[in-house]
Amino acid sequence: MTDILIRPIETRDNAAVAHIIRTVMPEFGADGPGFAIHDAEVGAMSEAYDRPRSAYFVVERDGKVIGGGGIAPLDGGDADVCELRKMYFLPEARGIGAGSAMMLRCLDAAREHGFHRCYLETLTGMDAAQALYRRHGFRTICAPMGGTGHFSCDQFYLRDL
Numbered sequence: 065m066t067d068i069l070i071r072p073i074e075t076r077d078n079a080a081v082a083h084i085i086r087t088v089m090p091e092f093g094a095d096g097p098g099f100a101i102h103d104a105e106v107g108a109m110s111e112a113y114d115r116p117r118s119a120y121f122v123v124e125r126d127g128k129v130i131g132g133g134g135i136a137p138l139d140g141g142d143a144d145v146c147e148l149r150k151m152y153f154l155p156e157a158r159g160i161g162a163g164s165a166m167m168l169r170c171l172d173a174a175r176e177h178g179f180h181r182c183y184l185e186t187l188t189g190m191d192a193a194q195a196l197y198r199r200h201g202f203r204t205i206c207a208p209m210g211g212t213g214h215f216s217c218d219q220f221y222l223r224d225l
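Sequential numbering of the sequence shown, starting at 65, is according to our numbering.
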């Protein structure tokens, strides 16, 4: 694995993380209504995840933020379920182990916050991401959970912690 640093998000990272989300999601056709790109928190991620049972991390290489991912309670879900949220990587972060390292960090944070299951939703065509989820123990489920508002997502996963 290339030398990368995974660390908690800081206020100084907000612009870089917003840029990553707004760059990567359209790459996969996820820029219309019903996708996370339109969530109010995108512009202020450090503040959005500075709340109980939430955590967001960035991947940094050579001083540049090249990806991020986090967990938070699943909106409208059971108290023991978290959601893996806004895990996106610039092209230079792909294929170097950053996704697996971020996944492990997020799952550890979920356990530390007392969650027993982790949910995520994604989109057909995000094949590499879905392979990563399956490698880390996520299984597909037939329908969405909670009330994320991401009605355009069409793939749903759940993992016991």
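Because the hints were derived from the structure by calculation, they are not lab data. Some hints could be false.
Unchecked claim - If you anchor each label on the Cβ, the simulated ranges turn out as follows:
(1) Gly140 x Asp224: 15 to 21 Å
(2) Thr188 x Thr87: 26 to 32 Å
(3) Thr75 x Cys206: 38 to 44 Å
(4) Leu222 x Gly189: 19 to 25 Å
(5) Gly211 x His177: 15 to 21 Å
(6) Pro208 x Asp126: 23 to 29 Å
Here the structure is a predicted model, which means the values were calculated and not measured. Virtual Cβ for every residue (Gly too), placed ideally from N, Cα, C.
Hints and how they fare:
1. Checked against the hint of 15 to 21 Å, the pair Gly140 and Asp224 passes, with Cβ atoms roughly 20 Å apart.
2. Checked against the given bound of 26 to 32 Å, the beta carbons of Thr188 and Thr87, roughly 20 Å apart, lie outside it.
3. Look at Thr75 against Cys206: about 39 Å separates their beta carbons, and that is inside 38 to 44 Å.
4. Leu222 and Gly189 have their C-beta atoms about 20 Å apart, which keeps the hinted 19 to 25 Å range intact.
5. Take Gly211 and His177: their Cβ atoms lie about 20 Å apart, and the range 15 to 21 Å holds.
6. Our hint of 23 to 29 Å for Pro208 and Asp126 is violated, since their Cβ atoms are close to 38 Å apart.
Violation of the numbered hints given earlier is confined to hints 2 and 6; the remaining hints are satisfied by the structure.
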